[in-house]
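Chains as they are written, first to last, in our numbering: chain A, 1 to 117; chain B, 1 to 114.
These aren't lab readings, by the way, just hints derived from the structure by calculation.
Predicted, not measured: the structure shown is a model, and the values here were computed from it.
Pairs of lysine-lysine, DSS-like flavour, derived with a Cα cap of 25 Å:
1. LYS3/B - LYS70/B
2. LYS111/B - LYS38/B
3. LYS101/B - LYS66/A
4. LYS38/B - LYS70/B
5. LYS14/A - LYS66/A
6. LYS64/A - LYS20/A
7. LYS64/A - LYS101/B
8. LYS20/A - LYS41/A
9. LYS66/A - LYS41/A
10. LYS101/B - LYS70/B
11. LYS16/B - LYS111/B
12. LYS101/B - LYS38/B
13. LYS38/B - LYS41/A
14. LYS41/A - LYS111/B
15. LYS20/A - LYS101/B
16. LYS41/A - LYS101/B
17. LYS16/B - LYS38/B
18. LYS14/A - LYS41/A
19. LYS3/B - LYS41/A
20. LYS64/A - LYS14/A
21. LYS66/A - LYS55/A
22. LYS55/A - LYS101/B
23. LYS3/B - LYS101/B
24. LYS20/A - LYS66/A
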Amino acid sequence: GAVVSQHPSWVICKSGTSVKIECRSLDFQATTMFWYRQFPKQSLMLMATSNEGSKATYEQGVEKDKFLINHASLTLSTLTVTSAHPEDSSFYICSARALDRASYEQYFGPGTRLTVT
Amino acid sequence: AQKVTQAQTEISVVEKEDVTLDCVYETRDTTYYLFWYKQPPSGELVFLIRRNSFDEQNEISGRYSWNFQKSTSSFNFTITASQVVDSAVYFCALSEVGTYKYIFGTGTRLKVLA
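Next up, chain A with everything else stripped away, as it sits in the complex (with noise of 0.2 Å):
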């Protein structure tokens, strides 16, 4: 159990415009999501954290008007990247933690490689 899905695996999108990546937990209900970006040869980097219900909290220097997260159910976190730039080209991945499971385990998603050309 515990399975987090991510869609789409991969997109690429033209400068300017937005995309959206869903990140949900398929045999769990998740309180909490965590959205991470991971640019190429480096760490995940946590970008917000998003609980059900209520709006996301930022990382520090994570714009949040760019990064736009909704959690509007306890399976289903989206992720909109607006008005893309090639600089946002990067792999994402989103985690969940179990409403019903042990507080510190994070359950992490395949994650959505984002090209911007």
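Following the hints, put chain B in place on chain A, whose structure we already have.
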């Protein structure tokens, strides 16, 4: 502040050699959790182990073993008789109590040569 340091950026070994990946952490919490993840070229993180701060027992799982030492704030990972399939980036992570955020180290890229 919480911090995880993986000083080894890249390691290359020949198949069947043993290799140890180092992880040093900093935290003011008395309760915390440490993790190791493997990230193969596909990008998907693979969970390897979790250890809580009250359990200093070393653990062995097949060819993998972990050495947790609170006295030196280290949580090192050893692969015995490495195989080509072990080639990946390995991340050590620390979980913050309260926020449940994970703080990742910079990762160690392991290349196992045939």
